[in-house]
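Asks: Knowing the structure of chain G, use the given hints to seat chain W on it.
There are 2 protein chains.
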Amino acid sequence: MKFIIGKEDLLNGIRIVERATSQKAVQPVLYNILIETLENNQIRLTATDLVLTVITTLDAQVQEAGKITLPAKKLNEIISKLNNDLVTIEAEEGSSNVSITCRKSKFDIIGISATEFPVDVFNYEIDESKCFDVELKPFLKGIRQAGFAAASYEVSNLLSGIVCDFNSGILEIASTDGNRLARVREKISSSVSEQTQLIIPSRTLNEFLKMSSFIDEESVKICKDKSTIILKSEKITTISRLLEGQFPRYNQLIPTESPKKAVVNVSQLIAALERVSVMVNDKTSIVKMHFADNELTLSADTPEAGKSEDTIDIEYTSEELMIAFNYRFVLEALRIIESEQVVIGLNAPLSATVLKPGNDEDFICLIMPVQIR
Amino acid sequence: MKFIIGKEDLLNGIRIVERATSQKAVQPVLYNILIETLENNQIRLTATDLVLTVITTLDAQVQEAGKITLPAKKLNEIISKLNNDLVTIEAEEGSSNVSITCRKSKFDIIGISATEFPVDVFNYEIDESKCFDVELKPFLKGIRQAGFAAASYEVSNLLSGIVCDFNSGILEIASTDGNRLARVREKISSSVSEQTQLIIPSRTLNEFLKMSSFIDEESVKICKDKSTIILKSEKITTISRLLEGQFPRYNQLIPTESPKKAVVNVSQLIAALERVSVMVNDKTSIVKMHFADNELTLSADTPEAGKSEDTIDIEYTSEELMIAFNYRFVLEALRIIESEQVVIGLNAPLSATVLKPGNDEDFICLIMPVQIR
Numbered sequence: 001m002k003f004i005i006g007k008e009d010l011l012n013g014i015r016i017v018e019r020a021t022s023q024k025a026v027q028p029v030l031y032n033i034l035i036e037t038l039e040n041n042q043i044r045l046t047a048t049d050l051v052l053t054v055i056t057t058l059d060a061q062v063q064e065a066g067k068i069t070l071p072a073k074k075l076n077e078i079i080s081k082l083n084n085d086l087v088t089i090e091a092e093e094g095s096s097n098v099s100i101t102c103r104k105s106k107f108d109i110i111g112i113s114a115t116e117f118p119v120d121v122f123n124y125e126i127d128e129s130k131c132f133d134v135e136l137k138p139f140l141k142g143i144r145q146a147g148f149a150a151a152s153y154e155v156s157n158l159l160s161g162i163v164c165d166f167n168s169g170i171l172e173i174a175s176t177d178g179n180r181l182a183r184v185r186e187k188i189s190s191s192v193s194e195q196t197q198l199i200i201p202s203r204t205l206n207e208f209l210k211m212s213s214f215i216d217e218e219s220v221k222i223c224k225d226k227s228t229i230i231l232k233s234e235k236i237t238t239i240s241r242l243l244e245g246q247f248p249r250y251n252q253l254i255p256t257e258s259p260k261k262a263v264v265n266v267s268q269l270i271a272a273l274e275r276v277s278v279m280v281n282d283k284t285s286i287v288k289m290h291f292a293d294n295e296l297t298l299s300a301d302t303p304e305a306g307k308s309e310d311t312i313d314i315e316y317t318s319e320e321l322m323i324a325f326n327y328r329f330v331l332e333a334l335r336i337i338e339s340e341q342v343v344i345g346l347n348a349p350l351s352a353t354v355l356k357p358g359n360d361e362d363f364i365c366l367i368m369p370v371q372i373r
Numbered sequence: 001m002k003f004i005i006g007k008e009d010l011l012n013g014i015r016i017v018e019r020a021t022s023q024k025a026v027q028p029v030l031y032n033i034l035i036e037t038l039e040n041n042q043i044r045l046t047a048t049d050l051v052l053t054v055i056t057t058l059d060a061q062v063q064e065a066g067k068i069t070l071p072a073k074k075l076n077e078i079i080s081k082l083n084n085d086l087v088t089i090e091a092e093e094g095s096s097n098v099s100i101t102c103r104k105s106k107f108d109i110i111g112i113s114a115t116e117f118p119v120d121v122f123n124y125e126i127d128e129s130k131c132f133d134v135e136l137k138p139f140l141k142g143i144r145q146a147g148f149a150a151a152s153y154e155v156s157n158l159l160s161g162i163v164c165d166f167n168s169g170i171l172e173i174a175s176t177d178g179n180r181l182a183r184v185r186e187k188i189s190s191s192v193s194e195q196t197q198l199i200i201p202s203r204t205l206n207e208f209l210k211m212s213s214f215i216d217e218e219s220v221k222i223c224k225d226k227s228t229i230i231l232k233s234e235k236i237t238t239i240s241r242l243l244e245g246q247f248p249r250y251n252q253l254i255p256t257e258s259p260k261k262a263v264v265n266v267s268q269l270i271a272a273l274e275r276v277s278v279m280v281n282d283k284t285s286i287v288k289m290h291f292a293d294n295e296l297t298l299s300a301d302t303p304e305a306g307k308s309e310d311t312i313d314i315e316y317t318s319e320e321l322m323i324a325f326n327y328r329f330v331l332e333a334l335r336i337i338e339s340e341q342v343v344i345g346l347n348a349p350l351s352a353t354v355l356k357p358g359n360d361e362d363f364i365c366l367i368m369p370v371q372i373r
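Residue numbers (my numbering), protein chains in the order written: chain G, 1 to 373; chain W, 1 to 373.
Please note: incorrect hints may appear among the correct ones.
Just so you know, same-sequence chains aren't split out, so a pair can sit in one copy or run between any two.
As a list, the in silico DSSO-like pairs of lysine-lysine whose alpha-carbon atoms are at most 30 Å apart [to be verified]: (1) K261 with K67; (2) K81 with K356; (3) K7 with K307; (4) K187 with K224; (5) K260 with K130; (6) K104 with K67; (7) K307 with K106; (8) K307 with K74.
No lab work stands behind these hints: they were computed from the structure.
With the rest of the complex left out, here is chain G:
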């Protein structure tokens, strides 16, 4: 194997695929990136942790065909420190020793044979009739806004997925961990032949979000092959297992009307929550909120450390209400909201509370209160 490639091109390629390398692998080869020469002066980089696989193709001057796997971390360290010039990568056939040369810098790095790389995870067949195009902009915005409420990553847990409902004209994205829920509806002009609901692991979509800056096109092709999803642009292919099962009918949980409404300045509420949270009990993270007479009073206490209290001016003329939340859920939702005001829809101390940006009817966040004492 021998090819010559620009340092920045190679580094970008490594940064795209290394997100899929395993963090704690059973097989050492899962820490590695598979490097293969292709026809037409291209090389292909692939990494996988057996759930998520990312593949990218790069232009290079291929002088001798071949393939090898190299440790992603070391490879990134080496390439990122090279001068910005052409890099020559070379290995004798059958050898796992790869030499990397750039100007007067020279590295010998020990890899693992490409035959040990688990190719079956990305050997899929695309049934083109099951593919459709989705505009990248609303898709990414939806993941950013409605993906944060998913349960933390566990392959077996349906709630660790983000549900994406593709309809003609509308894309609905939602996530919930049982204590909170985020849902967004985005207009799309994509050609979805029939309604398709996919439950995609949140890790897959969050990594996709991070690498999306490397995608040049305005839309991405989405294909489903049994329990696999493929997100395909010209240079980057992301393949992931899908989560299977019946996702909770979350839309039924969202109250259509809230009897009490507060209009609150988002940055003031964030500042007050951060202040009050200094005295929050680490075990419960509970902050109490008292809505009354155009004022919101937040309070927290920890027996051994002390108490905190803060009051901000809001618009609220309904009956007074004391309600308590895990303040982290409220903060995370507020940080996603891009408008100046948030409309908080309230009912009773133990009813689901609705947060909506003042200027955006399409985004909604639901938080379950906690019982006090």
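Replies: What follows is chain W alone, placed relative to chain G:
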């Protein structure tokens, strides 16, 4: 106790003294800051870990005299999150509950009685005849340049101190951990009556360096009281134990002449060392350096991972030499050097190697090579 103080003033005071709070205290009160009202509308903040004590006085509107200790970390968190306005701090006499109020933010924080604070560590008597003034600028520059080579912090180890030699007209600062040595000589116009050598814990001087931006004056008063040193400016007093014993006669270790000399670009050498270090053996940190014919070739290897090599152009016409170093020592010295070029004075593969900035005769750094194989 009751006083009113500007938020930023109080926060600066906390940031100055909290450096002296203990990181792992036997007595909980050592995590706390002692707050005392003084006459003339001032308050005093004190923190100590029993080795280092820092005291600062702040202007405040004192309405009721008193004193209390409050946990430094919580106090910093609370005050830093307040709006920028006047803060009222209040405690009933005999109570450990302190209320902090700023606009509509209110905190109750539980402290520890001031009587538990170990006052003996900063009850010292200043013998003014043993005090002298030192200009801050050369003193701080000396600590920055020659303090980094000290052994890591252990109260019992003399080499964890930075030796400061005050002479009339010259201040010499040096540190060594046995493997490397840094020494700087700075001109001072201070009135030292007799030569004074102090071995000051490196932690004391490093914390002093960090808080020095809060010192308004151009010089600081240094007083020695038995085994205690006091660094005194108008608003900040730093008190520290001194290390006692005979510091190695380091000047004898510095070669007066180096038979071989290389002139090297500092940033090129840093970049090459960082590149080559990717393949360094983590156990030894050894990078080999080969000087020959106006070229320096650096190399490293780890059996399981691979090898690295880099060559840079230098000025070197002496006999060729292969020498090896812990590359971290070389990097740390190079990062202190502010000039474009470094002059490396070499002798034999196991002789002390001298690094001098190209434009500064007053700073010198010595590194012991390591034996290869």
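Asks: Against each hint, give a clear statement of whether it holds in the structure.
Replies: A quick look at each hint next to the structure:
1. In this homomeric assembly, K261 and K67 never come within 30 Å of each other (Cα to Cα): the closest approach is 62 Å inside a single copy and 46 Å across copies.
2. Taking the shortest alpha-carbon separations for K81 and K356, only the inter-copy value of 26 Å comes in at or below 30 Å, while the best intra-copy value is 46 Å.
3. Taking identical chains as interchangeable, the C-alpha atoms of K7 and K307 lie at most 30 Å apart only when they sit on different chains, with a minimum of 19 Å there against 55 Å within one chain.
4. Within a single copy, K187 and K224 get their C-alpha atoms as close as 21 Å, which meets the 30 Å cut-off; across copies the closest is 75 Å, which misses it.
5. In this assembly of identical chains, the alpha carbons of K260 and K130 never lie at most 30 Å apart, being 45 Å within a copy and 73 Å across copies at closest.
6. Taking CA atoms no more than 30 Å apart as the test, K104 paired with K67 passes inside one copy only; the shortest distance there is 25 Å, against 66 Å between copies.
7. Taking the shortest alpha-carbon separations for K307 and K106, only the inter-copy value of 8 Å comes in at or below 30 Å, while the best intra-copy value is 61 Å.
8. For the homomeric pair K307 and K74, the shortest alpha-carbon distance between copies (12 Å) is at most 30 Å, but the shortest distance inside one copy (49 Å) is not.
Against the hints set out earlier in the document, violations occur for numbers 1, 5.
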